[in-house]
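My request is simple: use the sequences and hints to build the entire structure.
Protein chains: 2
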Amino acid sequence: MPTAGLLVIGNEILSGKVVDTNSPYLAKELRALGVDLVRILTIADEVDLIAAETRAMSEAYDFVFTSGGIGPTHDDLTMDGIAKAFGRKVVLSEAIVARIERAQGKPANESQRKMGLIPEGALLMDAGDLWFPVVVVENVHIFPGIPELLQKKFLSIRERFRGQPFLLKRVYVKMRESDIAPSLNELLVEFPDLLLGSYPRIGERDYHVLLTLESRDEAYLGRALEGLLARLPAEGIHKVE
Amino acid sequence: MPTAGLLVIGNEILSGKVVDTNSPYLAKELRALGVDLVRILTIADEVDLIAAETRAMSEAYDFVFTSGGIGPTHDDLTMDGIAKAFGRKVVLSEAIVARIERAQGKPANESQRKMGLIPEGALLMDAGDLWFPVVVVENVHIFPGIPELLQKKFLSIRERFRGQPFLLKRVYVKMRESDIAPSLNELLVEFPDLLLGSYPRIGERDYHVLLTLESRDEAYLGRALEGLLARLPAEGIHKVE
Numbered sequence: 000m001p002t003a004g005l006l007v008i009g010n011e012i013l014s015g016k017v018v019d020t021n022s023p024y025l026a027k028e029l030r031a032l033g034v035d036l037v038r039i040l041t042i043a044d045e046v047d048l049i050a051a052e053t054r055a056m057s058e059a060y061d062f063v064f065t066s067g068g069i070g071p072t073h074d075d076l077t078m079d080g081i082a083k084a085f086g087r088k089v090v091l092s093e094a095i096v097a098r099i100e101r102a103q104g105k106p107a108n109e110s111q112r113k114m115g116l117i118p119e120g121a122l123l124m125d126a127g128d129l130w131f132p133v134v135v136v137e138n139v140h141i142f143p144g145i146p147e148l149l150q151k152k153f154l155s156i157r158e159r160f161r162g163q164p165f166l167l168k169r170v171y172v173k174m175r176e177s178d179i180a181p182s183l184n185e186l187l188v189e190f191p192d193l194l195l196g197s198y199p200r201i202g203e204r205d206y207h208v209l210l211t212l213e214s215r216d217e218a219y220l221g222r223a224l225e226g227l228l229a230r231l232p233a234e235g236i237h238k239v240e
Numbered sequence: 000m001p002t003a004g005l006l007v008i009g010n011e012i013l014s015g016k017v018v019d020t021n022s023p024y025l026a027k028e029l030r031a032l033g034v035d036l037v038r039i040l041t042i043a044d045e046v047d048l049i050a051a052e053t054r055a056m057s058e059a060y061d062f063v064f065t066s067g068g069i070g071p072t073h074d075d076l077t078m079d080g081i082a083k084a085f086g087r088k089v090v091l092s093e094a095i096v097a098r099i100e101r102a103q104g105k106p107a108n109e110s111q112r113k114m115g116l117i118p119e120g121a122l123l124m125d126a127g128d129l130w131f132p133v134v135v136v137e138n139v140h141i142f143p144g145i146p147e148l149l150q151k152k153f154l155s156i157r158e159r160f161r162g163q164p165f166l167l168k169r170v171y172v173k174m175r176e177s178d179i180a181p182s183l184n185e186l187l188v189e190f191p192d193l194l195l196g197s198y199p200r201i202g203e204r205d206y207h208v209l210l211t212l213e214s215r216d217e218a219y220l221g222r223a224l225e226g227l228l229a230r231l232p233a234e235g236i237h238k239v240e
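Keeping their order, the protein sequence lines are chains A and B.
Take the first sequence: its position 115, counted from the start at 1, is 114 in numbering that gives the first Met the number 0, and no numbers get skipped.
Take the second sequence: its position 95, counted from the start at 1, is 94 in numbering that gives the first Met the number 0, and no numbers get skipped.
Don't read these hints as lab results, they were simulated from the structure.
You may find that some hints are simply not true.
Copies of one chain are not kept apart here, so a pair can be met inside one copy or by any two copies together.
[To be verified] List time: in silico DSBU-like cross-link candidates among lysine-lysine, alpha-carbon distance up to 35 Å: (1) Lys151 with Lys173; (2) Lys105 with Lys238; (3) Lys27 with Lys113; (4) Lys168 with Lys113; (5) Lys151 with Lys27; (6) Lys16 with Lys238; (7) Lys151 with Lys88; (8) Lys88 with Lys16; (9) Lys27 with Lys83.
Okay, structure coming up:
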């Protein structure tokens with residue numbers, strides 16, 4: 000199963016001014032693709048920090064995704080940081096400038112030309128009909144922080160990352176987590192490869208705990224689900240989906 | 000300004016099954032308190048990983064907050080990880096068990112007793128009317144992943160983290176620094192917690208020395224200012240601001 004790290008770059012997230020919706024989005028997408036997201040890290044807009052963390056993630060995981068810090072203003076330092084991570088210069092991509100000019104039918108201004116500055120030797124990944132391609136350096140895929148743009152770009156290239164996806168069953172349980180914990184431990188002894196999650200919920204009317212059962216093997220997952228349901232009283236189950 | 004790191008522990012976040020609302024909540028709260036949140040890191044429920052990242056954050060920041068991985072089930076490994084971070088054992092807190100039993104009016108079961116397992120020597124921070132206290136090890140504050148509980152616990156102790164800004168008074172003095180130095184020394188004997196700065200200025204028409212008085216305590220600062228003015232002749236003061 001391919002692994003991934005996600006580097007979220009932005010003071011606005013750390014200072015609570017903007018809620019990071021990109022991480023939940025990518026976490027869900029990567030899971031559905033069968034990619035194991037191992038780490039999500041949010042850091043400030045600082046070149047040396049971006050460089051160090053990008054480097055570490057690039058060595059540790061198959062894929063790295065960054066979000067944020069792309070654009071024409073003074074605090075957009077992601078391209079500089081990622082270039083530094085790999086000891087590269089930042090250079091003007093005439094291909095990006097040409098795309099911008101083709102899209103708007105007039106010459107790029109100074110700010111737009113700054114958006115053409117990317118790490119030397121970066122790959123421009125054609126992203127469908129987008130005028131701005133996904134910039135890729137080694138295994139690092141650079142996405143903007145604006146959720147609509149990130150999503151559009153990600154969807155255009157996501158098949159590139161597909162592994163063998165996990166299958167998921169959800170069991171909504173009316174009992175307390177502390178009452179079912181022994182049954183869950185027994186289940187894991189019988190099904191050691193099962194990925195079992197147990198999430199207490201407050202404020203739900205119909206259930207107290209959401210259990211998630213996951214496996215890549217459909218038959219194994221089916222047997223584990225049967226094993227779970229056999230261990231809990233039928234009246235303790237709200238629903239299975 | 001105090002600094003903080005936030006460690007989010009949970010496979011359910013990385014796998015996209017649960018959206019992390021705790022990070023945005025804490026980011027906003029910490030900002031309002033005057034705490035500089037420097038890093039948010041989301042990792043899986045693995046003891047060694049929790050230990051290593053907790054240790055690193057504990058050394059790097061004034062405060063560390065963890066969310067998730069607290070509870071009676073197999074995947075709740077935060078207490079083990081944080082104990083390991085500081086080379087401590089996990090021990091049963093009879094105080095926590097007693098609180099649970101008092102709250103429910105009956106003996107704790109096996110799973111509930113598991114919730115009393117905390118790092119040896121941990122501080123139990125009384126969190127208002129909550130039956131389960133906030134567990135604190137060194138500078139690491141351990142919060143549950145359930146947003147309603149995390150928020151209730153955080154609100155009950157947040158004043159502890161408030162970054163108290165320094166208050167500043169400036170006194171512009173017409174006398175020479177060498178003439179007022181004895182008075183300044185006397186002042187510091189009377190107000191040992193005062194931060195006092197003395198800056199001779201050349202070329203200013205109206206004064207020769209700028210004095211800065213700083214304290215986090217407004218009343219203390221007021222008394223220190225009075226003490227200073229009482230020690231200097233009125234005609235020697237250009238202005239106070």
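To see whether the hints hold, each was checked on the structure:
1. With identical chains, the CA atoms of Lys151 and Lys173 are at most 35 Å apart between copies only, with a shortest distance of 24 Å across copies and 39 Å within one.
2. Taking the closest pair of Cα atoms, Lys105 and Lys238 come within 35 Å of each other only across two copies (30 Å); inside a single copy the shortest separation is 58 Å, beyond that limit.
3. Within a single copy, Lys27 and Lys113 get their C-alpha atoms as close as 32 Å, and across copies as close as 31 Å, so both meet the 35 Å cut-off.
4. Proximity of Lys168 and Lys113 under a CA criterion of 35 Å is satisfied inter-copy only: 27 Å between copies versus 47 Å inside one chain copy.
5. For a Cα distance limit of 35 Å, the shortest separation of Lys151 from Lys27 qualifies both inside one copy, at 15 Å, and across copies, at 28 Å.
6. In this assembly of identical chains, Lys16 and Lys238 lie within 35 Å of each other by CA distance solely across copies; the values are 17 Å between and 38 Å within a copy.
7. For the homomeric pair Lys151 and Lys88, the shortest alpha-carbon distance inside one copy (28 Å) is at most 35 Å, but the shortest distance between copies (49 Å) is not.
8. For the identical chains of this complex, Lys88 and Lys16 are intra-copy neighbours only, at 32 Å inside a copy versus 39 Å across copies, given an alpha-carbon limit of 35 Å.
9. Both within a single protomer and between protomers do Lys27 and Lys83 lie at most 35 Å apart by alpha-carbon distance, with minima of 30 Å and 31 Å respectively.
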